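Here is how the chains run, residue by residue.
There are 2 protein chains.
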Amino acid sequence: MRPAEEVIAGLGDYVLLHAGPPIEWERMCGPLRGAAAGAIVLEGWAPSLDEAEALAASGKITFHPNHHFDAVGPMTGITSRSQPVMIVENKKFGNRAYCTLNEGLGKVMRFGGNDEKVIARLRWLRDVLGPVLSEVLRSCGGIALKGIIARGLSMGDDMHQRNVACSTLFYRELAPVLARTVGDAEMLASILEFIGGNDQFFLNVGMSIGKAIMDPVRDIDGSTIVTAMCRNGTDFGIRVSGTGDSWFTAPVEMPKGLYFPGFSEKDANPDMGDSTIVETIGLGGFAMAASPAVAGFVGAGSAMDALNFTRSMYEITAGENPGWTLPSLDFRGVPAGIDIRKVVETRIAPVINTGIAHRESGVGQVGAGVVRAPLACFEQALEAFSGKMGVA
Amino acid sequence: MRPAEEVIAGLGDYVLLHAGPPIEWERMCGPLRGAAAGAIVLEGWAPSLDEAEALAASGKITFHPNHHFDAVGPMTGITSRSQPVMIVENKKFGNRAYCTLNEGLGKVMRFGGNDEKVIARLRWLRDVLGPVLSEVLRSCGGIALKGIIARGLSMGDDMHQRNVACSTLFYRELAPVLARTVGDAEMLASILEFIGGNDQFFLNVGMSIGKAIMDPVRDIDGSTIVTAMCRNGTDFGIRVSGTGDSWFTAPVEMPKGLYFPGFSEKDANPDMGDSTIVETIGLGGFAMAASPAVAGFVGAGSAMDALNFTRSMYEITAGENPGWTLPSLDFRGVPAGIDIRKVVETRIAPVINTGIAHRESGVGQVGAGVVRAPLACFEQALEAFSGKMGVA
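Quick mapping for you: the protein sequence lines, in order, are chains A and B. Position 143 of the first sequence, counting from 1, maps to 153 under my numbering, and the rest follow consecutively. Position 120 of the second sequence, counting from 1, maps to 130 under my numbering, and the rest follow consecutively.
With the rest of the complex left out, here is chain A (with noise of 0.2 angstroms):
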């Protein structure tokens, strides 16, 4: 864990990285352009949120996609300078992915909140519990991660919309450590309570896993496996390794879910977010079948249809992963490795487990729900990708 300017080159002043693929200004949802607003703020290059919104609209601020510099971002996913991020490395390719911090439930900045609390929470973290984990995580070496998703899956949580049991098991290793390293017995609690208090926590690290376990799969000649798939709230976009860094994008659908109470579908904003790496890598909505739980929460149907979600993800995937097996499919591996073919073939498109996001700036999370990747990115992919090899 160190502020995301030491560790990603380039993220100096007036430059924010976002979710999704590429996208200017005019075009970024309300949430989005919260939540850049925010980060302006928070960043001190403006002195109030519409002062920021202006300096944003001329022009002033660089937007770039977080997966252009080996990051990931839940929801809006803004990565500015000064905050703290994760470093998960991919032990076996020596590669780095970086996420900042899960900030909680409810009005935080990765659902365009950026009122005075989101901002003060963001200082908060950046003041003090990146340090105390960056100290932390130094002094124990780090900590294994692979295992915890595997321990997660026999436990309920789909690692996207479900996390409550990655999130306790992680505060289980970190608690010891942070207890030899904190002096102060209040600020201890405190950091105790914050990670302890937030069953979503593990969704940045299990965010970052899956970006360190798709880099090294980029740029295979003649590969059809999908590296990455990601939403801004205007475009879903999908990169695909025998294709490079090209992006193929396409408007992002509304999921269908559940809403919290006083809210209902005309609040909210289309799907959103870098999460969807964690489907990339077989989780999430390809891992529904682990959690019948997550089903009832977004609104996914039944403990069968939650088995069945995960099963025609088999249609469209290269593979099963062993080390990561479900135990409602009687230790099947987590459908893995989603080829572009197989998905325009079957016309099953990724389904995704994701949080719903208010349409305008500074409300927060409204919902979760059930969403599909957009068919035309993969058609787009094919076609590039048929014209790259030389097929018809």
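Hints were generated in silico from the structure; no laboratory data involved. Possibly wrong hints are sitting among the right ones.
Since the list can't tell identical chains apart, any single copy or any two copies may satisfy a pair.
Under the rule of at most 35 angstroms between Cα atoms (straight-line distance), these lysine-lysine pairs were calculated in the DSBU-like manner [said to hold, decoys possible]: (1) K156 - K117; (2) K156 - K266; (3) K156 - K102; (4) K156 - K127.
Since the model is a prediction, treat every value here as computed from it, not as a measurement.
Based on the hints, put chain B in the right spot on chain A.
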């Protein structure tokens, strides 16, 4: 949490409580004798295990079931005066239940282990962990427990052979309070590591909950509901509400299960422990549907078998607990309240997920499996009940 002798009246020198229905030394199995000898050394009533066994055989030690003293204990279930016990209160009825702390896995006293390492760990529980938890639980006003089980059921726990979710959730509630209470960083870290390193820590908590829930059901005139099931390694015993505190016993059966490397069925002791109190409240084998992973661990078969074990238990129970639901059965409540009439009529015996102890004193756990409560207990109980009610 208090030393047992403070809260259990009559638990003084030369008195030991054990799991299951009443039994005299001569009929006790190897692990129960071994644990008794270990406790005698722990309490300082004899200087060595050999002299402890001789003391017990001489008749100088008085043995009683935990159940006669508002207590329960896993496997051998030995409770002696200085051991710390958890105090679990049934807020609705005001009664309390007691259980020792879980020692961890492998060679431990509840499986008949009694060597110096086992005794040293019990001394640490008595002298360090017990007093700390006593202070911590007092300072936070106690921990609400039923909700932890509700969450655990959506996280793959059956609360008998699998408690990793509840143990970790419990740990997460405890850790910030520990951080504010334990001044010494190294002691704090070692306590966190002990509790966090034991995925079965919550077993004893769940058992106390079971005892606290079922005790108010005792002695209801005309009720055929089972209030306790337990085993001492020789006899299986049940109590039924309408027949008061009478025990109905039959020889325990041998679990069918999976063995740790190097052990087999010929090493196994028959079924043992008060832990079947969790099945009595609809958990353990009754909640196997929550836990396809535990079905694998205990050798109970496939994920579908796990669902079917639970489904069959609805045939012998009076109702469903709407507070404890099973996501994999579309949030149906666990089958609760075993009715002896239904057991006898259907010939479906309660199913139990259990640990397996070595049959010799001093070895410890050798496996885990599934076992049935003997039908003969229920037949005897129904005859006694019918006689009392004046029914043919």
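Now for the hints, and whether the structure bears them out:
For the homomeric pair K156 and K117, the shortest alpha-carbon distances inside one copy (30 angstroms) and between copies (29 angstroms) are both at most 35 angstroms. Proximity of K156 to K266 under the C-alpha cut-off of 35 angstroms is found in both arrangements, the shortest distances being 30 angstroms within a copy and 32 angstroms between copies. In this assembly of identical chains, K156 and K102 lie within 35 angstroms of each other by CA distance solely inside one copy; the values are 12 angstroms within and 43 angstroms between copies. For the homomeric pair K156 and K127, the shortest alpha-carbon distances inside one copy (34 angstroms) and between copies (33 angstroms) are both at most 35 angstroms.
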